[in-house]
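Colleague: Spelled out from the first residue to the last, the chains are:
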Amino acid sequence: NAGVMQNPRHLVRRRGQEARLRCSPMKGHSHVYWYRQLPEEGLKFMVYLQKENIIDESGMPKERFSAEFPKEGPSILRIQQVVRGDSAAYFCASSPGTGGVSAFFGQGTRLTVV
Amino acid sequence: SQQGEEDPQALSIQEGENATMNCSYKTSINNLQWYRQNSGRGLVHLILIRSNEREKHSGRLRVTLDTSKKSSSLLITASRAADTASYFCATDLNSGNTPLVFGKGTRLSVIA
Numbered sequence: 342n343a344g345v346m347q348n349p350r351h352l353v354r355r356r357g358q359e360a361r362l363r364c365s366p367m368k369g370h371s372h373v374y375w376y377r378q379l380p381e382e383g384l385k386f387m388v389y390l391q392k393e394n395i396i397d398e399s400g401m402p403k404e405r406f407s408a409e410f411p412k413e414g415p416s417i418l419r420i421q422q423v424v425r426g427d428s429a430a431y432f433c434a435s436s437p438g439t440g441g442v443s444a445f446f447g448q449g450t451r452l453t454v455v
Numbered sequence: 055s056q057q058g059e060e061d062p063q064a065l066s067i068q069e070g071e072n073a074t075m076n077c078s079y080k081t082s083i084n085n086l087q088w089y090r091q092n093s094g095r096g097l098v099h100l101i102l103i104r105s106n107e108r109e110k111h112s113g114r115l116r117v118t119l120d121t122s123k124k125s126s127s128l129l130i131t132a133s134r135a136a137d138t139a140s141y142f143c144a145t146d147l148n149s150g151n152t153p154l155v156f157g158k159g160t161r162l163s164v165i166a
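The listed protein sequences derive, respectively, from chains V and A. Just so you know, the first sequence maps onto residues 342 to 455 in our numbering. Just so you know, the second sequence maps onto residues 55 to 166 in our numbering.
Chain V extracted, bound-state conformation (with noise of 0.2 Å):
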């Protein structure tokens, strides 16, 4: 049973373009969570969702940021326009959708936007 599985690992933009971020949740998970890690902090929290639907989103910046969970394949962050300001460690999530359980990380997304 493969972890989470995140692509790419490593990430280049040049300011303006579009940076898509994939997730696989482990086989059996149907809940997502993404993250973003700002050098030498902690985890924010920005979007959850099951498959097809947004369960919230209120980490997610208003503008150019926007996630998706299809029937089939695997979950996306999309980032577009991307601003210098975006770089920084994206984690998914995922966990088999009972409470109290914990969550398995991917091993991260790392954006860099010169």
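Honestly, the hints are just simulated from the structure, not real lab data. Treat the hints with care, as some may be off.
Below, computed lysine to any residue pairings styled on SDA-like, alpha-carbon distance capped at 25 Å [said to hold, decoys possible]:
id	chain 1	residue 1	chain 2	residue 2
1	V	K392	A	H99
2	V	K368	A	L65
3	V	K385	A	T152
4	V	K385	A	K80
5	V	K368	A	H99
6	V	K385	A	G70
7	V	K392	A	T152
8	A	K158	V	G400
9	V	K385	A	V98
10	A	K158	V	D397
11	V	K385	A	S127
12	V	K403	V	R419
13	A	K158	V	H351
14	V	K385	A	T81
15	A	K124	A	L65
16	A	K80	V	Q378
17	V	K385	A	L65
18	A	K158	V	V454
19	V	K385	A	L100
20	A	K158	V	R350
21	V	K412	V	T453
22	V	K385	A	D61
23	A	K110	V	H351
24	A	K110	A	L65
25	V	K385	A	S105
26	A	K123	A	S93
27	A	K158	V	D427
28	V	K385	A	R95
29	A	K80	V	G400
30	V	K385	A	N92
31	A	K80	V	K368
32	V	K392	A	G96
33	V	K385	A	S93
34	A	K80	V	P380
35	V	K368	A	L100
36	A	K158	V	P380
37	V	K385	A	K124
38	A	K158	V	T453
39	A	K158	V	V424
Put chain A on the given structure of chain V with help from the hints.
Modeller: Structure of chain A alone, referenced to chain V:
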């Protein structure tokens, strides 16, 4: 706002010593979890303690939870150089699948 706050922010100890990290939080929780993050890597789940539990052990790890003080501690006994990492506490505010809320972490350095 940050729910969890780890203390100290950084800790440096000699191999073989015990390391204690503390976490305080602000609101009622369903459970509290500790994670480890090696530099440049993802998070590894260490231990989960539920709000009705007071202490839990896993190998060299001992976690306590005091809901009256809204605080938790993580003790690593007989530390090793490989324990060098950042340690985060994360709180689960409600039953169900609410997102975990993380503190800023404690950076532990174990010197051989």
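Colleague: Would you pick out the hints that fail for this structure and give their numbers low to high?
Modeller: 2, 6, 21, 23, 26 and 31
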